[in-house]
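Okay, here's what each chain looks like letter by letter:
Number of protein chains: 2
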Amino acid sequence: MIPDLPILPNLTDPRLTRRVAGTDQTGAGIEISVVEERPLTIYLNSQEIVTAMTIGDYPEYLALGFLRNQGMLKADDVVTAIDFDEEIETVVVRTGRQTSYEEKVKKKTRTSGCAVGTVFGDMMEGLEGLTLPAVEVRTSWLYALAHQINTTPSLYLEAGAIHGTVLCERDRPLVYMEDVGRHNAVDKIAGFLFQHRVPASDKILYTTGRLTSEMVIKTALMGIPVLASRSGFTAWGVEIARQVGLTLIGRMRGQRFVCLSGEDRLVRDADPASVPDEGRKHRRKGAGDD
Amino acid sequence: MIPDLPILPNLTDPRLTRRVAGTDQTGAGIEISVVEERPLTIYLNSQEIVTAMTIGDYPEYLALGFLRNQGMLKADDVVTAIDFDEEIETVVVRTGRQTSYEEKVKKKTRTSGCAVGTVFGDMMEGLEGLTLPAVEVRTSWLYALAHQINTTPSLYLEAGAIHGTVLCERDRPLVYMEDVGRHNAVDKIAGFLFQHRVPASDKILYTTGRLTSEMVIKTALMGIPVLASRSGFTAWGVEIARQVGLTLIGRMRGQRFVCLSGEDRLVRDADPASVPDEGRKHRRKGAGDD
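If you're matching them up, the sequences are chains A and B in order.
Positions 1 to 290 (UniProt numbering) are the ones given, in order, by the first sequence.
Positions 1 to 290 (UniProt numbering) are the ones given, in order, by the second sequence.
Be aware that a few hints might be false.
Which chain A residues face chain B? A few, computed with CB under 8 Å, are given here [said to hold, decoys possible]: (1) Thr23; (2) Gln25; (3) Ile30; (4) Tyr43; (5) Asn45; (6) Ser46; (7) Val78; (8) Tyr101; (9) Glu158; (10) Gly160; (11) Ala161; (12) Arg197; (13) Gly237.
Bear in mind the hints are in silico, worked out from the structure with no lab data behind them.
Beta carbons: idealized from backbone N, C-alpha and C, even for Gly.
In isolation and in its complexed conformation, chain A is listed as follows (with noise of 0.2 Å):
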């Protein structure tokens, strides 16, 4: 069953964030929270898939997330069990389906953004005759989420160095995940749509993040028709985002905003000189958008 939405950062969890000393400029000692990092080694039944670099949280859903975008789940796989073991640091995602990628788990491509075993060839192929639904996207909703995302509570505002990536539903964040890996937090999205079977055709995906190819694949694959972001693009992000219809927001800065595909989905029902700057406390800066 779905847990109850919305999923926030969990600001409680003392395995996310550590304190640690130093000496400001001045020479004077200063203590500020960092965010973990930690590895964890995710398992398909029986064969080593890939060692992610995570904050920690989440392990079942990154595991699910990353076998899926991978495409070594399929969406009609049966998982019959995810076992996490916190102590060696693995997950393993066992499926009804005998599975074996030898072969695939040797082929690398080092993305811009960190996915370390993503294959392109492979992800683009799942792209092959996709099409995402002609869904309206109002300006409001972007603006409201922005605003919403930037404000709540999370492990960035709290450590910095830290990205966030929020399913969200019309003006709504349902799931908000972060991590040290700008893909895991992406990945972790993917792995709650694929475990309670939630339908993405209504979706919005926002992340810090840059609108990289591989991110615009990403969002595709989960049958997300929108990803917006308040960081900028790549130019290959933006040739696949137009080439699979999907509508690609950047640069979402209090009122400003650009978008550079799939701009027949927007419904600009917003005004944007009502919207108000960022405040400074909630901008984000470099810190945590690396």
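With the hints as your guide, set chain B onto chain A.
Frame of chain A; chain B shown alone:
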């Protein structure tokens, strides 16, 4: 021989950015510059090692640096040839020594920072017995570097969505590399150091990216004793920096910074109060710090 320094971002190279048409928040048509993102497959002799998504400049440095940072090129390896073929997007590094990393290439760690193929075990081994020199680092240099780097015309300032890593000596930027993949930028620096046998012990590395475990490991492996960034930290990055005695400075913005490791190298010769805040124009935004 070493090329003339400094090496700065090349804004005149038409292969690195593209003009793309879209709409802004008002619905008005606009055209913006976006960075390119293209695959580059790296071979070591006859073996395919990895395909990196890169902006595409300095493929030779990227290949050398990646292989060096992976421990696949030894410090004393003789590179007999580097063959880059732009059409098929491959670069082949040829060595006098026979190489075989079949096993190694099978193992993968997906880091927070995009290093496919990185095997932490091996990388950590490379750190064993490593001693970083007890050089002094003046805060006046750090402030001067941050100001110069932030105001140097760059692909970031033109198109955003790209990372910078800069090899510096005292208060002078020597080699300013940018890439859509943060770790490509640092690998290009490693490739430069390796190819030209440039000493690293008196250098400072500045990055726009986060100070993750992998950034710290790569900096230490290069033999550079100081790593500074405007971005934040991860707990493991700090831990490793302390283990190897690397000076780690983050959150450098205007007069502010935080030092979480290697404080002993810092010579606080600058009065922070005398350092101007970052100009709005040059304040890096999430759009490029992702």
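Hint check results:
At its closest, the beta carbon of A:Thr23 sits 5 Å from a beta carbon of chain B; the interface hint therefore holds under the 8 Å criterion. Hint status for A:Gln25: holds, given a least beta-carbon distance of 4 Å to chain B, under 8 Å. A hinted interface residue such as A:Ile30 counts as satisfied when its beta carbon comes closer than 8 Å to some beta carbon of chain B; here the least separation is about 7 Å, so the hint holds. Residue-level restraint check for A:Tyr43 is violated (minimum Cβ-Cβ distance to chain B is 13 Å; threshold 8 Å).
A distance limit of 8 Å between C-beta atoms decides the matter here; for A:Asn45 the minimum to chain B is near 17 Å, and the interface restraint is violated. At its closest, the beta carbon of A:Ser46 sits 15 Å from a beta carbon of chain B; the interface hint therefore is violated under the 8 Å criterion. The closest approach between the C-beta of A:Val78 and any C-beta of chain B is roughly 26 Å, which is over the 8 Å cut-off, so the hint fails. For A:Tyr101, the interface hint is violated, the least distance from its beta-carbon to any beta-carbon of chain B being 12 Å, above 8 Å.
Below 8 Å, beta-carbon pairs count as interface contacts, and A:Glu158 has none with chain B, the closest being about 11 Å; its hint is therefore violated. Contact between A:Gly160 and chain B, as hinted, is supported at the beta carbon level, the nearest pair being about 4 Å apart and thus within 8 Å. The beta carbon of A:Ala161 comes within 3 Å of a beta carbon in chain B, closer than 8 Å, and the hint placing it at the interface holds. Because the closest C-beta pair between A:Arg197 and chain B is about 26 Å apart, greater than 8 Å, the hint is violated.
Interface restraint check for A:Gly237: the shortest CB-CB distance to chain B comes to about 7 Å, inside 8 Å, so the restraint holds.
The structure does not agree with the numbered hints 4, 5, 6, 7, 8, 9, 12 stated previously, though it agrees with the rest.
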